[in-house]
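Engineer: The listed protein sequences derive, respectively, from chains L and C. In terms of the working numbering, the first sequence has 88 at position 88, counting the first letter as 1, and numbering is strictly consecutive. In terms of the working numbering, the second sequence has 105 at position 105, counting the first letter as 1, and numbering is strictly consecutive.
Not one of these hints is a red herring.
For lysine to any residue, the following SDA-like pairs were computed, each having C-alpha atoms within a straight-line distance of at most 25 Å:
{"no.": "1", "chain 1": "L", "residue 1": "26", "chain 2": "C", "residue 2": "51"}
{"no.": "2", "chain 1": "C", "residue 1": "104", "chain 2": "C", "residue 2": "56"}
{"no.": "3", "chain 1": "C", "residue 1": "42", "chain 2": "L", "residue 2": "104"}
{"no.": "4", "chain 1": "L", "residue 1": "13", "chain 2": "C", "residue 2": "41"}
{"no.": "5", "chain 1": "C", "residue 1": "57", "chain 2": "L", "residue 2": "102"}
{"no.": "6", "chain 1": "C", "residue 1": "78", "chain 2": "C", "residue 2": "68"}
{"no.": "7", "chain 1": "C", "residue 1": "104", "chain 2": "L", "residue 2": "112"}
{"no.": "8", "chain 1": "C", "residue 1": "42", "chain 2": "L", "residue 2": "73"}
{"no.": "9", "chain 1": "C", "residue 1": "59", "chain 2": "L", "residue 2": "95"}
{"no.": "10", "chain 1": "C", "residue 1": "104", "chain 2": "L", "residue 2": "5"}
{"no.": "11", "chain 1": "C", "residue 1": "104", "chain 2": "C", "residue 2": "61"}
{"no.": "12", "chain 1": "L", "residue 1": "26", "chain 2": "C", "residue 2": "43"}
Worth flagging that the hints you see were computed from the coordinates, not collected in a lab.
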Amino acid sequence: DAGVTQSPTHLIKTRGQQVTLRCSPKSGHDTVSWYQQALGQGPQFIFQYYEEEERQRGNFPDRFSGHQFPNYSSELNVNALLLGDSALYLCASSLSGGYNTEAFFGQGTRLTVV
Amino acid sequence: ILNVEQSPQSLHVQEGDSTNFTCSFPSSNFYALHWYRWETAKSPEALFVMTLNGDEKKKGRISATLNTKEGYSYLYIKGSQPEDSATYLCASKSNSGYALNFGKGTSLLVTP
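Make a model of the complete structure from these sequences and hints.
Structural biologist: Take a look at the structure:
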């Protein structure tokens with residue numbers, strides 16, 4: 001079992017550009033959540049996808065959007081990048097059906113906006 | 001408490017020392033408390049998911065307790081080893097959503 005995989009591991013973008021980050025969930029998991037961890041902070045919830053729909057959204061602007069595919073993999077898109085979007089982006093997968101189900105995390109994508 | 005808070009921010013102990021960290025979280029609408037261990041350049045690894053007041057869980061030398069009425073959890077490491085060096089994150093989940101609300105973590109360094 002490969003666990004949660006994210007790609008790319010690192011990337012550098014220029015202000016104003018757009019970026020797409022990808023996540024493959026752990027085998028058997030149907031729910032994907034995205035988190036942003038800025039320097040010195042804990043991970044902040046961006047949104048969660050289940051059954052190809054955004055189920056819950058955190059306090060992030062509309063520039064952050066996502067998608068979940070029929071195979072449960074997911075993408076995070078960020079438009080009009082700002083310097084403040086530089087962060088580690090973590091994907092977590094879990095099984096639906098319970099609030100206390102364990103979430104498994106990927107290693108993250110380190111985004112640097114210059 | 002509105003946010004999840006962890007203390008101390010960092011900790012440096014000698015091999016063999018026992019140590020503990022604190023996680024404070026909102027007690028209203030509480031549903032679950034998660035502890036993660038995060039080594040550099042790796043994925044956060046789930047340690048415990050706790051839901052019931054008074055819950056105690058143990059995994060090897062690591063254990064955790066939960067007090068949902070006052071909104072805190074303790075993580076204990078007995079006989080710390082250098083391989084325990086990591087950042088320990090706690091996250092609470094409320095009964096009104098699916099998000100994990102994380103603290104900033106406690107960074108533990110264990111030296112031989």
